[in-house]
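Visitor: The lines below spell out each chain.
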Amino acid sequence: MIGIFVFLASVLTLVFIYATLATILNFEAGWGGLWDLGTAGLLAVGAYCYVILTVESNEIIFSPQLPVWAGIVVTSIFTGAVAFLIGLPSLRMRDEYFLITTFAFSVVVLQLITTESSITLGATGFHNIQRPFDDYVSTRSYNFVLLGISTFVLITIWLLIRRLGRSPFGRLLRAIRDNEPAAKSIGKMIFVTRLKVFVITGALIGAISPMYVWYIRSLSPHMFHVTLAFTVWTALVIGGIGNFWGPVVGALILIGLTEALQFLQYSAEYAVLLSAARPIIIGVGLIIVMRFRPEGILPEKHSFKNARKIIDYQKQI
Amino acid sequence: MIQYIFFGLLTGSILAIAASGFALIRQVEGFLNIAHGQYMLIGAIVGLSFMQLGVNVIFSGILATLIVGLIGLLLSWIVFEPLRGKGHLVQFFSSIGVAFVLYGLILATWTGNGIKVYPLNFGNNFNFGFINFTFGEIYVIGIAWSCMLFLHLFLTKTSIGLLIRAVANNSTLAKTRGVNSSFVLYIVWFLSSGLAGLSGVLVGALGSVHSELGWQYILTILAVSVMGGVGNLYGVLASGLILGLVMDLSSLFIPSKYGMVLVFSVIILILLFRPQGLFSTRLQQRES
Numbered sequence: 001m002i003g004i005f006v007f008l009a010s011v012l013t014l015v016f017i018y019a020t021l022a023t024i025l026n027f028e029a030g031w032g033g034l035w036d037l038g039t040a041g042l043l044a045v046g047a048y049c050y051v052i053l054t055v056e057s058n059e060i061i062f063s064p065q066l067p068v069w070a071g072i073v074v075t076s077i078f079t080g081a082v083a084f085l086i087g088l089p090s091l092r093m094r095d096e097y098f099l100i101t102t103f104a105f106s107v108v109v110l111q112l113i114t115t116e117s118s119i120t121l122g123a124t125g126f127h128n129i130q131r132p133f134d135d136y137v138s139t140r141s142y143n144f145v146l147l148g149i150s151t152f153v154l155i156t157i158w159l160l161i162r163r164l165g166r167s168p169f170g171r172l173l174r175a176i177r178d179n180e181p182a183a184k185s186i187g188k189m190i191f192v193t194r195l196k197v198f199v200i201t202g203a204l205i206g207a208i209s210p211m212y213v214w215y216i217r218s219l220s221p222h223m224f225h226v227t228l229a230f231t232v233w234t235a236l237v238i239g240g241i242g243n244f245w246g247p248v249v250g251a252l253i254l255i256g257l258t259e260a261l262q263f264l265q266y267s268a269e270y271a272v273l274l275s276a277a278r279p280i281i282i283g284v285g286l287i288i289v290m291r292f293r294p295e296g297i298l299p300e301k302h303s304f305k306n307a308r309k310i311i312d313y314q315k316q317i
Numbered sequence: 318m319i320q321y322i323f324f325g326l327l328t329g330s331i332l333a334i335a336a337s338g339f340a341l342i343r344q345v346e347g348f349l350n351i352a353h354g355q356y357m358l359i360g361a362i363v364g365l366s367f368m369q370l371g372v373n374v375i376f377s378g379i380l381a382t383l384i385v386g387l388i389g390l391l392l393s394w395i396v397f398e399p400l401r402g403k404g405h406l407v408q409f410f411s412s413i414g415v416a417f418v419l420y421g422l423i424l425a426t427w428t429g430n431g432i433k434v435y436p437l438n439f440g441n442n443f444n445f446g447f448i449n450f451t452f453g454e455i456y457v458i459g460i461a462w463s464c465m466l467f468l469h470l471f472l473t474k475t476s477i478g479l480l481i482r483a484v485a486n487n488s489t490l491a492k493t494r495g496v497n498s499s500f501v502l503y504i505v506w507f508l509s510s511g512l513a514g515l516s517g518v519l520v521g522a523l524g525s526v527h528s529e530l531g532w533q534y535i536l537t538i539l540a541v542s543v544m545g546g547v548g549n550l551y552g553v554l555a556s557g558l559i560l561g562l563v564m565d566l567s568s569l570f571i572p573s574k575y576g577m578v579l580v581f582s583v584i585i586l587i588l589l590f591r592p593q594g595l596f597s598t599r600l601q602q603r604e605s
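So the protein lines, in turn, are chains A and B. Take the first sequence: its position 215, counted from the start at 1, is 215 in my numbering, and no numbers get skipped. Take the second sequence: its position 74, counted from the start at 1, is 391 in my numbering, and no numbers get skipped.
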């Protein structure tokens, strides 16, 4: 019985990790209009930065062995700085060119991580990474600790993003997204605003990346496969881009469905089929939602009812 | 040196035909078809399966091309046709969905989970002073170049090619002039997927086949087509060749493990100075 709870806790943790990532992406892509495929790359930068800073290992040439909190802070700043450096060139481009540049960056980062094994341990990666409160609870019940951490992180990020979305800055973002010339004509700095969005996104991804490391418990370049960015995007698109609840609902449905399959894992015979079923579920879900409800399950307009009221009011005048 | 140019030409030719199909769809339908990489993988697998059944190389290649073309046609009819006019992002995300489904189906049905090699003999090694090559490699280059020539002639000399260019250029105008655009699009989908299937066979014949091949190649294809300027088919062909040369020549100067890093850095640099791609004509059109 307890086994089921442990399993459920682990599934929920993964759902919350994806929901957090999708929420951050929602801020960047949904309101900022930046179609970014480099999420996996930034997550990799954050995860590696955190592990290198905190791990106790003499296999790598640089290991300051910082405490966890300092590791998270420095990781967040570092990932934000990396995002700034990527943003400077790539934000000058539009639409699919921006998509490609961020994608290209993601590939370059993963390739560098694989080759620079003196600091990242290459394709082997790190194993048995030390996690906070590891000494106090058994490995089995650690899933509940992780569930608590991920719930806390999701709520914090969600509230932060909602605050940003409702602030004047959020309105500015949507204005730039919907009508760039109009925003420019009233003196808004398009490039600077986009760069701000990109850096905030990077810093937030850096701040949550340790959670992903704690969940997997090891770290290797395979964890940041191309499909990771597409999966986060799928969760966001299925749930509804621009809506506060969209990314959470999308992640719950998508990851919940794919992970629930593990219940069926009886024999090794089915293992291949089950690993194949995951991409099929993601794909079919994406195709069906795009076909019948392209704005997602929860459309953006539900989140900004008040804004709609103001516009209606102005129309009446 | 010349040897590396030869290998670069080989890689580049395959990249060029893979990316040309991708660019065709981008021109006519207006979105980036992420499933293109998986079409290549299907081509490679179908070709391999026919060869394992004992079919001749040439026939396996032709059959794989036709089958992948038909699969692409079928998927465009089921998935992409109802989405026309709903915006390119919807189509783009649907193509990601298609890519995921195909990838999952391949994982489920294709028994070989490891890396497989075509049972091919490329013939003897010929040595002409600086350069070593086999007949098989010459065949591959020949097939790739005749494909490009065929594509060029098809688009410029035949009436269907004319219709395709008309729809790509201005689909509303083409429709008002009485062009049956959905028929034209079927042709384009068949052509594009067929080219993907063929390039998959060539990739498999030269190298190896594994289940990640689709995801791996879609990155390079995206890079090639953006570098060439997505609106320009000949630009895409040229940039495929250039990128192939860069990939293979770079291993002369830097360790080969940095090849990918170099390629993508080159692309980012090119996009910085020419954000519309190397050979794009769009700006010139707008100015005139």
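Honestly, the hints are just simulated from the structure, not real lab data. Virtual Cβ for every residue (Gly too), placed ideally from N, Cα, C. Check the hints yourself; a few may be wrong.
[Stated by the list, open to error] In silico negatives: residues of chain B with every beta carbon more than 12 angstroms from chain A:
#1 F324
#2 I384
#3 I395
#4 L437
#5 I458
#6 W462
#7 K474
#8 S476
#9 N487
#10 R494
#11 Y503
#12 S542
#13 F581
#14 V583
[Claimed, not checked] Coverage of chain A stretches by chain B, computed from C-beta distances (three or more under 8 angstroms per stretch; other residues unrestricted):
#15 56-69
#16 92-101
#17 110-123
#18 228-237
Visitor: Evaluate each hint against the coordinates.
Guide: Against the structure, the hints come out as follows:
1. No beta-carbon of chain A is positioned within 12 angstroms of the beta-carbon of B:F324; the least distance is around 20 angstroms.
2. The claim that B:I384 is not at the interface with chain A holds, since no C-beta of that chain comes within 12 angstroms of its own (minimum 20 angstroms).
3. For B:I395, the requirement that its beta carbon stay farther than 12 angstroms from each beta carbon of chain A is not met, with the minimum near 9 angstroms.
4. The beta carbon of B:L437 is kept farther than 12 angstroms from every beta carbon of chain A, the shortest such distance being approximately 27 angstroms.
5. A cut-off of 12 angstroms between C-beta atoms confirms that B:I458 is not in contact with chain A; the least separation is 27 angstroms.
6. At the 12 angstroms boundary, the C-beta of B:W462 stays outside the reach of chain A, the nearest C-beta of that chain being 27 angstroms off.
7. For B:K474, the condition that its CB be more than 12 angstroms from all CB atoms of chain A holds, with the nearest at approximately 31 angstroms.
8. No beta-carbon of chain A is positioned within 12 angstroms of the beta-carbon of B:S476; the least distance is around 31 angstroms.
9. The Cβ of B:N487 sits about 20 angstroms from the closest Cβ of chain A, beyond the 12 angstroms cut-off, so the non-interface label holds.
10. Every Cβ of chain A is farther than 12 angstroms from the Cβ of B:R494; the closest lies at roughly 29 angstroms, confirming the non-interface assignment.
11. The claim that B:Y503 is not at the interface with chain A holds, since no C-beta of that chain comes within 12 angstroms of its own (minimum 19 angstroms).
12. Not every beta carbon of chain A lies more than 12 angstroms from that of B:S542, the smallest distance being close to 9 angstroms; the non-interface claim is violated.
13. With a minimum CB-CB distance of about 4 angstroms to chain A, B:F581 fails to clear the 12 angstroms threshold, and the non-interface call is violated.
14. The beta carbon of B:V583 is not kept farther than 12 angstroms from every beta carbon of chain A, the shortest such distance being approximately 10 angstroms.
15. Check result for the stretch 56-69 of chain A against chain B: violated, 0 residues qualifying (beta carbon to beta carbon below 8 angstroms, three or more required).
16. With 8 residues carrying a beta carbon less than 8 angstroms from a beta carbon of chain B, the stretch 92-101 of chain A meets the three-residue requirement, and the given coverage holds.
17. Only residues whose C-beta sits within less than 8 angstroms of a C-beta in chain B count toward coverage, and the stretch 110-123 of chain A has 4 of them, enough to reach three; the restraint holds.
18. For a cut-off of 8 angstroms, the count of residues in the stretch 228-237 of chain A with a CB near a CB of chain B stands at 4, and the three-residue condition holds.
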